[in-house]
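Enquirer: Sequence:
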Amino acid sequence: MRLPQIRMEQQFIKLGLDIQKPVQEIQQPKAELNIRQEPAIIEIHSPQGELSIDSSEAQANLDLRSPARRIRDNAEYGQQKWLEAIAQISLEGDRLAAIENKGNPIADLAFEDSGIYEGKEIIAAGSIVGDGIEIRYDAKKPVINVTVRGYHMDPEIKKPVLNYTPGKVRGEIEKWNSLTIDFVGLYMDQKR
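Everything in the sequence shown is counted per the working numbering, starting at 1 for the first residue and increasing by one.
Misleading hints may appear alongside valid ones.
[Said to hold, decoys possible] Think about it this way: if two alpha-carbon atoms lie no more than 25 angstroms apart in a straight line, the pair counts; the simulated PhoX-like pairs of lysine-lysine are:
#, residue 1, residue 2
1, K21, K168
2, K14, K159
3, K175, K30
[Said to hold, decoys possible] So the derived label-pair ranges between C-beta atoms look like this:
#, residue 1, residue 2, range
4, R69, G93, 31 to 39 angstroms
5, K158, I42, 35 to 43 angstroms
6, G16, P160, 33 to 41 angstroms
7, M153, I19, 23 to 31 angstroms
8, I133, L83, 27 to 35 angstroms
9, K159, L15, 39 to 47 angstroms
10, Q88, A139, 19 to 27 angstroms
Just so you know, the hints here were simulated from the structure itself, not pulled from any lab data. Beta carbons are placed, not taken as given, at the ideal position from N, Cα and C, and that holds for glycine.
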């Protein structure tokens, strides 16, 4: 025999959450250095060089000598000719002293002094032999002063840009709770 039964089926409520995540955006703008280079200052001082030109020898070669120079030159010329004459006389004396040797030294000396056999080239006293100009230049070193002025830096730091969108949580019911009651075995079968 079957007894009546009560069957109960229960379903619990089912909650769902709709979650929107928060969004955070961070942007960092670049800093600006703002560097300014100051140009250096260069000062150059160039002293004048010294140029000296001595043309006294060239003037002397053109016979444009000063009286003091002319006197000195004539004295040197006279001394040179005097020493040459002493040497000539000494040589002639030595040749005459050797008269016992064969030959005729007196006639030879007379012929040599006549100047007939010599072809001499006579240079005029005023001709230029070489340029006779002395040029001297003393260069001075330049003075260089450099002033370094450096640089100036004005940095501009920029703050970060923050954008924040907060998240949301919304609750919703996906399934409601329920209770189902069913009766089984209300009717009895009687068989005998």
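Enquirer: Compare the structure with each hint and give your call.
Expert: Okay, the hints, checked on the actual structure:
1. K21 to K168: holds (7 angstroms)
2. K14 to K159: violated (47 angstroms)
3. K175 to K30: violated (53 angstroms)
4. R69 to G93: 31 to 39 angstroms: holds (36 angstroms)
5. K158 to I42: 35 to 43 angstroms: The hint (35 to 43 angstroms, Cβ to Cβ) holds, given that K158 and I42 are roughly 38 angstroms apart.
6. G16 to P160: 33 to 41 angstroms: holds (37 angstroms)
7. M153 to I19: 23 to 31 angstroms: violated (49 angstroms)
8. I133 to L83: 27 to 35 angstroms: holds (31 angstroms)
9. K159 to L15: 39 to 47 angstroms: holds (43 angstroms)
10. Q88 to A139: 19 to 27 angstroms: At 52 angstroms between Cβs, range violated.
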